[in-house]
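Enquirer: Okay, here's what each chain looks like letter by letter:
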Amino acid sequence: MRGAVLAVFFTACVGVLWYLHDPAWLIDQTTGLRPWHRASDGTLSRWSGGHASFFVPSNLSQIRIPVSTTFDPREPGGERPMLVTFSIDDRRVGRVLLTGPGWQEVTLPMPPPGSRRVRRIDVRTNITREDNHGVQIGQLCCFSSR
Amino acid sequence: MRLRRGLSCLAAAACLAGYVYAYASGRAGTPVRSDAFSYYVYLPSWVLYHDPSLQAAADDCCGGEFPAWTAIVRWRFTHAWVNAHPIGEAVMIAPFFAIAHALTRWTNLSPDGFSLYYQHGAGLAGLCYMLIGLWFCGRLLSRHFSPAVVLATQAALLTGTSLYHYATFDSAWSHAFSFALVSGFLERLDARRPGHTGDDVVIGVISGLLILVRHTHALIPICFLGAAAVRTRRVPWTAAAIAGVVVLPQLWLYHRATGHWVISSYGDLGFTFATPHIAGVLVSVRKGLFFYAPLLLLALPGAAWVPDRLKPWRVPAAVLLAIETYLIASWWDWQFGGSYGHRGFVDFYPIFAIGIAATFARISASSRLRLLCTVAVVALCALSVFQMLQYWHGVLPMSDTTWRQYRAIFLKGWW
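In the order they appear, the protein sequences are chains A and B. Just so you know, we're using our numbering here: the first sequence kicks off at 7 and counts up by one. Just so you know, we're using our numbering here: the second sequence kicks off at 164 and counts up by one.
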């Protein structure tokens, strides 16, 4: 009886691990991102903290990410340039220095598709503005030539 | 035994259901939030960044500077980070963190210490420790009371107080961890055999962890072991030495950051000893312990009826609760921020449990009183659960509740 219970438990664990290796819900997972908001000009974006992550389909050839931040002289250190670093699955693939309040687009080449349906994009900033605001991340442009 | 196991399974299932509801419905945000952040942040800092100074964690989460709400501040003279909350909870979460980290790598979630699995690793750690505390509580009580009384006490404690809330909605706060440690401490103290070094080692480890979770909890071993030492005229040196060793890493961290072994980690925030809010923390509508968990009042007459073997605990328990009440009432934010009931007392529920069990045992002798008590206790438990759900749904304010507000929302639904 105990052997059967152990066998069922072991099989269940293996099944759960197999499922968790590449679950379908991963594409909707984010960390360090606030809710979407629409600016007066209609631009959709969401604020990151010092570190944010999200997922994109792995079959893309490249993605273009629009980023911007605030430059407010009334805030202590609010005019300091902000260095934004991008990585894909923990491999650094791009950097941009924001020196003014306009939007900048960063194009990231995607590695060939691996064994998973999605790839993780991490966005880190070297400083944050008031209330731990990093960068505004706009809607992604995705290119799929594969 | 079978009944106790059945209740444990039922409690675990009920807590898990509440936990899933709180997070799946989006009521509770993420488990590691507010105070829980600063209790937990040591783990990503130590394990992921190998940095005891917390700077690497600040760099990653917050652009180099922890926000003010974290209560992690730069020490004035060294500019190093000092966390208001000590390391004990992080130490207790560590096994859950290890599993969460392995799963995070396996699923390719962000290995930053704050993504999905880490969050629920910490949240479920609180839930598990609360269940462990309830188990220890049952083990202690079962040495002195009938199985029915033990079960009734455990069920009443879980549903008639804020314990369920701190096992589910706010499970990553320190209270579930302290509850488990206080339960474990009392159970092991009750089972302690004179001259057995192993018993003293275990009590020493639990005492050390108590101090690591909340420094003022040093009063718990001091009161109970102190009373035992006075009674037996034998100082528990082994337990004291082990507790000292367990606390050393915290002292090292303080010394590393400030140059001092002992500091006030809350900085300028502190106590207002001249103007304690005793009535506020005990009976007020704003955050009164007995106002939101009137069931705990049953522990007061129970103190007179505890079994002979537990009678030596009455004085240390009374002294401890008196001092802790004074400390909590003197804290600058005596409501302890947003919370259901007064969360400062959750840690001491195992002490109340003994009194409640003694009252139940006394009352069970008379069938009429037993019926009356059962009806009253069930009603109080139902009220407590209902008010907790009101709190979850934003009907009951997080703090500063007024009598007018309370009357307006009394038994008011959230649907």
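If you're looking for bench data, these hints aren't it; they were derived computationally from the structure. Fair warning: this is a prediction, and the values are worked out from it, not measured in the lab. C-beta: ideal position from N, C-alpha, C; glycine also. Check before you lean on any hint, since a few could be wrong.
[Claimed, not checked] One side of the interface only, derived from the structure: several residues of chain B facing chain A at Cβ under 10 Å:
| no. | residue |
| --- | --- |
| 1 | Gln218 |
| 2 | Ala221 |
| 3 | Asp223 |
| 4 | Cys224 |
| 5 | Gly227 |
| 6 | Ala234 |
| 7 | Trp238 |
| 8 | Asn271 |
| 9 | Ser273 |
| 10 | Asp275 |
| 11 | Thr401 |
| 12 | Phe453 |
| 13 | Pro457 |
Enquirer: Run through the hints listed earlier and report the numbers of any the structure violates, in increasing order.
Expert: 1, 6, 7, 11, 12, 13
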